[in-house]
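Chains as they are written, first to last, in our numbering: chain A, 1 to 120; chain B, 1001 to 1143.
Simulated from the structure, these hints should not be mistaken for lab results. For each residue, glycine too, the CB sits at the ideal point set by N, CA and C. Among the clues, some could well be false.
What the hints assert, rightly or not - If we take Cβ atoms under 10 Å as the criterion, some of the chain A residues that face chain B in the derived model are: (1) Leu-6; (2) Lys-20; (3) Ala-21; (4) Ser-22; (5) Gly-23; (6) Val-41; (7) Arg-47; (8) Gly-49; (9) Ser-54; (10) Glu-88; (11) Ala-92; (12) Leu-110; (13) Val-115; (14) Ala-116; (15) Gly-119.
Next come the chains, spelled out residue by residue.
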Amino acid sequence: MILFLLTLVIGGTIAGDLLKASGMRRLGEVDEFHPGALARVARLASRSGLLWLSIVAYAVSFFGFMALVSKTDVSFAVPATAAGYVVETLLARWVLREEVSVRRWSGAALVIAGVALVGG
Amino acid sequence: MSSDHRLTNKTSVALAVIVLSNALGNILLGRGMREVGDISSYSPVDLFTSGVAAMANPWVLGGVALLIVFFVTHALVLSWADLSYVLLVTAIGYVLVALLSYLLLGEQISAQRWLGTLVITAGVMLVGSTPVSTRVPMRGEDA
């Protein structure tokens, strides 16, 4: 049960980020930030199925987290959080076709090690 | 900012807003939720009642407002920046939270946690030196 909830929390966030990134990419680069331009972006965003799905995924993650903290101390979950960075970076490469260079992977390795140290 | 409202350094501004609003939003929300008290039951009705009580707390309201700023800015930056770039660079938030906890709340930070913040900072600097966007434009996108 704990493992299932942890999977929902981390998987939900990763799925939410991927869906949000693909939805926003399809809207096109936002380059103007005055209220009228932002209202136009909001109107387009409200019609994006990907963005609505991302909200569903984040909600799954949020309620999974609430259930998890009610059952157990969550400090054990830090290695899983660090692993989430690896999975999300891999999916950004495979699903979103981002180019993760050796330099970016090296930085990712340091970030992941650092997150594990901070929470360990 | 020029008259056509374009920001030349919009990525840096957006990332700073994301990191600050997320860290401060969580701190305010945490403080407010401790004042509101333990959620004793997770039935939908009790969750709703607790939610209404929480929204009456100014710390919770402020925290929620900042997290909305975070959510929207994060969406905007993902319209042009790589997810793998944004995800890794915003890990600097761990460093910010450690510094704020130490400086403002007087919390003890272990040597291991300080070491972790140094390692994260090095990683963020390395990722920060890679291109913000590497994705091939999709149909309907600007090149």
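Hint check results:
no.: 1; hint: Leu-6; verdict: 17 Å, violated
no.: 2; hint: Lys-20; verdict: 6 Å, holds
no.: 3; hint: Ala-21; verdict: 4 Å, holds
no.: 4; hint: Ser-22; verdict: 8 Å, holds
no.: 5; hint: Gly-23; verdict: 8 Å, holds
no.: 6; hint: Val-41; verdict: 7 Å, holds
no.: 7; hint: Arg-47; verdict: 13 Å, violated
no.: 8; hint: Gly-49; verdict: 15 Å, violated
no.: 9; hint: Ser-54; verdict: 9 Å, holds
no.: 10; hint: Glu-88; verdict: 6 Å, holds
no.: 11; hint: Ala-92; verdict: 4 Å, holds
no.: 12; hint: Leu-110; verdict: 3 Å, holds
no.: 13; hint: Val-115; verdict: 6 Å, holds
no.: 14; hint: Ala-116; verdict: 7 Å, holds
no.: 15; hint: Gly-119; verdict: 8 Å, holds
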